[in-house]
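With chain F's structure known, arrange chain V on it following the hints.
So the protein lines, in turn, are chains F and V.
Per the working numbering, numbering through the first sequence is continuous, rising by one, with the last residue being 483.
Per the working numbering, numbering through the second sequence is continuous, rising by one, with the last residue being 483.
FYI, nobody ran anything at the bench for these hints, they're computed from the structure.
Do not rely on the hints blindly, as some may be mistaken.
What the hints assert, rightly or not - Taking lysine-lysine pairs in the DSS-like style, the calculated list, with each CA pair at most 27 angstroms apart, reads: (1) F:131 - V:40; (2) V:131 - F:131; (3) F:16 - V:131; (4) F:40 - F:17; (5) F:22 - V:131; (6) F:135 - F:6; (7) F:40 - V:6; (8) V:40 - F:6; (9) V:16 - V:6; (10) V:22 - V:221; (11) F:6 - F:226; (12) V:40 - F:22; (13) F:135 - F:17; (14) V:6 - V:226; (15) V:40 - F:17; (16) V:40 - F:135; (17) F:40 - V:16; (18) F:40 - V:131; (19) F:221 - F:16; (20) V:40 - F:149; (21) F:40 - V:22; (22) F:40 - V:149.
Unchecked claim - If you want the footprint, here are the derived chain V segments under chain F, 3+ residues with CB under 8 angstroms: (23) 166-175; (24) 299-305.
Glycine included, each C-beta is placed from N, C-alpha and C at the ideal position.
Below are the chains, spelled out letter by letter.
Number of protein chains: 2
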Amino acid sequence: MALRPKFDPQSHNLDKKFRLTKYTGLHGGGCKVPNDVLVKLLQELGANPYHDEQYMGGMIMPRLGIGLDCCVIPLRFGGLSLLQTTDFFYPLIDDPYMMGKIACANVLSDLYAIGVTECDNMLMLLGVSSKFTEKERDTVIPLMIHGFKDSAEEAGTSINGGQTVLNPWCLIGGVATTVCQQNEFIMPDNAVPGDVLVLTKPLGTQVACNSHQWLEQRNDKWNRIKLVVSEDEVEKAYHDAMFNMARLNRTAAQLMHTFNSHGATDVTGFGILGHAANLAKQQRSEVNFVIHNLPCIAKMAAIAKACGNMFGLLQGTSAETSGGLLICLPREQAAKFCAEIKKVEGNQAWIIGIVEAGNRTARIIEKPRVIEVQTLEDGTVQSVPPTSTPRRTIKPSVIEQQKAMLPEIQTQPNNNLQQHQQTQQVTNIIHSVQQPQVMQQQAPSVTLLTPVTMHEQVQQVIVQDPQQYQHHQQMQQFQNHHQ
Amino acid sequence: MALRPKFDPQSHNLDKKFRLTKYTGLHGGGCKVPNDVLVKLLQELGANPYHDEQYMGGMIMPRLGIGLDCCVIPLRFGGLSLLQTTDFFYPLIDDPYMMGKIACANVLSDLYAIGVTECDNMLMLLGVSSKFTEKERDTVIPLMIHGFKDSAEEAGTSINGGQTVLNPWCLIGGVATTVCQQNEFIMPDNAVPGDVLVLTKPLGTQVACNSHQWLEQRNDKWNRIKLVVSEDEVEKAYHDAMFNMARLNRTAAQLMHTFNSHGATDVTGFGILGHAANLAKQQRSEVNFVIHNLPCIAKMAAIAKACGNMFGLLQGTSAETSGGLLICLPREQAAKFCAEIKKVEGNQAWIIGIVEAGNRTARIIEKPRVIEVQTLEDGTVQSVPPTSTPRRTIKPSVIEQQKAMLPEIQTQPNNNLQQHQQTQQVTNIIHSVQQPQVMQQQAPSVTLLTPVTMHEQVQQVIVQDPQQYQHHQQMQQFQNHHQ
Chain F
1 MALRPKFDPQ SHNLDKKFRL TKYTGLHGGG CKVPNDVLVK LLQELGANPY HDEQYMGGMI
61 MPRLGIGLDC CVIPLRFGGL SLLQTTDFFY PLIDDPYMMG KIACANVLSD LYAIGVTECD
121 NMLMLLGVSS KFTEKERDTV IPLMIHGFKD SAEEAGTSIN GGQTVLNPWC LIGGVATTVC
181 QQNEFIMPDN AVPGDVLVLT KPLGTQVACN SHQWLEQRND KWNRIKLVVS EDEVEKAYHD
241 AMFNMARLNR TAAQLMHTFN SHGATDVTGF GILGHAANLA KQQRSEVNFV IHNLPCIAKM
301 AAIAKACGNM FGLLQGTSAE TSGGLLICLP REQAAKFCAE IKKVEGNQAW IIGIVEAGNR
361 TARIIEKPRV IEVQTLEDGT VQSVPPTSTP RRTIKPSVIE QQKAMLPEIQ TQPNNNLQQH
421 QQTQQVTNII HSVQQPQVMQ QQAPSVTLLT PVTMHEQVQQ VIVQDPQQYQ HHQQMQQFQN
481 HHQ
Chain V
1 MALRPKFDPQ SHNLDKKFRL TKYTGLHGGG CKVPNDVLVK LLQELGANPY HDEQYMGGMI
61 MPRLGIGLDC CVIPLRFGGL SLLQTTDFFY PLIDDPYMMG KIACANVLSD LYAIGVTECD
121 NMLMLLGVSS KFTEKERDTV IPLMIHGFKD SAEEAGTSIN GGQTVLNPWC LIGGVATTVC
181 QQNEFIMPDN AVPGDVLVLT KPLGTQVACN SHQWLEQRND KWNRIKLVVS EDEVEKAYHD
241 AMFNMARLNR TAAQLMHTFN SHGATDVTGF GILGHAANLA KQQRSEVNFV IHNLPCIAKM
301 AAIAKACGNM FGLLQGTSAE TSGGLLICLP REQAAKFCAE IKKVEGNQAW IIGIVEAGNR
361 TARIIEKPRV IEVQTLEDGT VQSVPPTSTP RRTIKPSVIE QQKAMLPEIQ TQPNNNLQQH
421 QQTQQVTNII HSVQQPQVMQ QQAPSVTLLT PVTMHEQVQQ VIVQDPQQYQ HHQQMQQFQN
481 HHQ
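Chain F with its partners taken away, still in its complex shape (with noise of 0.2 angstroms):
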């Protein structure tokens, strides 16, 4: 995909001031009801608390005892099971046709997570916005409707059947159902120590969307902001955010067949924490999830550390909207599978952390390393290269910039050893990679630094891919085409 104008409501003969994500009050996985409010509502459902809780993603699986992205019916025919999620929110960018792609995503992305490829049919779930005029309705409703087919086509399935209701937010999702056997699909329940879990699309969507709405407002979080981030990176992480939501994990689900998959699960409203929580409590083996990598849109980190804790990207409960797929994988398979889906798609995966004996919960350690994240002219998703010289950095020397390759414990013996160790296995697992472009995970440690400052101590990155740099020249030409 080609870098995509900005949605223009004149050019469709609406007001300049239309704004699709004004339509709702809550803004895609952000409109998910809280976790523990959930369990307790859905106790009705005499589901067991573990199922509750995930159920909010479709995900209660009572028949075989275990939650799942989607719910795993067996059917009366041979070795048959019905596999099926629903997913449906509001807008929370202002592109209809975007808006449209990025639901059709999201809800596959459900069923490529239990390493299903092939979607039978979906059902689309349409509400037309009662504060929409005329001419709004049928302007952007049907633009959406067209960003929905088209990524229903690209993931090759088709809209069959559906609802459409008028409600005071505007509303789209959908329903994808698949049939099949055994073998075609992997229950996310078999995580072992040892395994690595990777990523597949960067976090921080949800701080991409609201920052770009106070750019455009210009109110107290923009002023907040702004001694961070640019306008241009704001519209350029928005775009990335647009971007990566509506990209299919269906690659990723293929993959997961190909390089022995113990399981996967999609980062949506919960966060990758609490995604990752949610698939360890699945866990038939006595595991923990340790992430120790967070791979965000460029700048995101820094915009969600000038606003405290509001987001929790960094703590990993910033609410994602169709995020990416976090795998567990054999500790042999993980670079295998980066390089791969690199070589098929162009896009990057990242190693982020490791499955260790434990008690099956999730956590992040104290200072995750963040790898920023930017999407390339050309449409790929890539760490980011060593970009323009930020504002006030201190240019860091050879050695240092080979330190910020290791993780911050080494740094800091006085950390307790047990995250020595959990960090020591990821540094060894990311150096055993050799093709330079997984090597770019290590991408340069953020600290938690007050806004004005972070910028001086952000230190750069050994980039070893030629390849790497024609790209950051690729980006710097269309930066400049767009300053």
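Only chain V this time, still in chain F's reference frame:
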């Protein structure tokens, strides 16, 4: 189901003024986007207009080229098809538990309409009103879920998955899915001239719910309709509507196979005529559907008339929620179907019209016969036997009563010949039925009158079934009990 006590907010520690129906601006089937608007909006999907019109109920079926209440997707596994449907809407009654039951029955009805009797999985869709207090939320939502779950269990299925969001309006619905073989469902496109149309639930749910709201509010509309209906009659109709909406059409779906149905649809947001027209359009043979009888919840016709054309009940356009199945049956099977459903469920079904050669449209005859229907204390749904003499009714002579058994057309020889012939057909069919309970379809003709004078014209039917007198007496007792 025995008579259910009215929902009492205070017994749940809610404010006595709490009304679930206040948490929406549109109710039940009335939330649908108008048909013509939807056709325009859904053009993006590329389906032809016929399919688009039926999309709302999940009716698009491009792969097989015809529209259905649920989609039918051929699977890659020998002879199996995926059938699924979705529907969701807003509260139209104040009892949360019953609202949950209705939402579930309503979704299942689309599967039943295609002759499917087993649902493999149900997804539940929930919108928690953002205007609920915490107490209201924690009381109302579990009750709704409980009702939804109970209906799913009654249908022999279970809820595995769904989505829960916050929304200004309270929202509930689901997705019903089944995988089955060719002989397990009945394509709704085989009607032939000479077939008979049967309806399995009375009409008038919207009229009943609205008039109940007017009664509570004692507003201008109540002042208008109270001239033709008592408070008790409105309360009773509201209860009956709730009861009928919560009934499953599952027995009807089973009997569609037994009695060789040529196709069916369920009656919801477009009213009986709208859904009959949709069904007619899908037929392979060149047929018309002609409706002669309108079974209505008792007193709803009187209210509809008192309100002018506001509802369109007698015009067949009043929205229904979780209505009956409208079933095409071979003429010789229709009465047997009605007798069998009565035997199995205790509930009446009604022969309401005929299939004739035509151009795939549907119509209601100029002066359709209104059949007054009530739910008895034993929970069965029946045509009203001769009740207490209506106020200011002129009791017709026996000859007049017999005339009333025949379609109006026979006493209006100036009407066109075609209509006469059609009506004669229905008369013949009905007269060929030997079971007295089916004879009771011959309800009094209600002609279009001003509200005040209407009762004067109501004629009474001859009841030929002694058992019916018993029902009548039971009902009288019930009425006395509740007065």
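Going down the list of hints, with the structure as the test:
1. F:131 - V:40: Distance of about 18 angstroms is within 27 angstroms: holds.
2. V:131 - F:131: holds, 18 angstroms
3. F:16 - V:131: With a Cα-Cα distance of about 31 angstroms, the restraint between residue 16 of chain F and residue 131 of chain V is violated, given a limit of 27 angstroms.
4. F:40 - F:17: Violated. Residue 40 of chain F to residue 17 of chain F sits at ~41 angstroms, over the 27 angstroms cutoff.
5. F:22 - V:131: Measuring from Cα to Cα gives roughly 18 angstroms; hence the hint holds.
6. F:135 - F:6: Within the cut-off at roughly 20 angstroms; holds.
7. F:40 - V:6: Holds - the C-alpha atoms of residue 6 of chain V and residue 40 of chain F are around 26 angstroms apart, at most 27 angstroms.
8. V:40 - F:6: Holds, at roughly 26 angstroms.
9. V:16 - V:6: Holds, because 12 angstroms separates the two Cα atoms, which is no more than 27 angstroms.
10. V:22 - V:221: holds, 18 angstroms
11. F:6 - F:226: holds, 21 angstroms
12. V:40 - F:22: holds, 24 angstroms
13. F:135 - F:17: holds, 14 angstroms
14. V:6 - V:226: holds, 21 angstroms
15. V:40 - F:17: holds, 25 angstroms
16. V:40 - F:135: Judged against 27 angstroms, a Cα distance of about 12 angstroms means the pair holds.
17. F:40 - V:16: holds, 24 angstroms
18. F:40 - V:131: holds, 18 angstroms
19. F:221 - F:16: Holds. Residue 221 of chain F to residue 16 of chain F sits at ~23 angstroms (cutoff 27 angstroms).
20. V:40 - F:149: Holds, at roughly 16 angstroms.
21. F:40 - V:22: The given pair, whose Cα atoms are some 24 angstroms apart, holds under the 27 angstroms limit.
22. F:40 - V:149: holds, 16 angstroms
23. 166-175: holds (count 7)
24. 299-305: With 0 residues close enough to chain F, the hint is violated.
When each numbered hint is compared with the structure, violations occur for hints 3, 4, 24.
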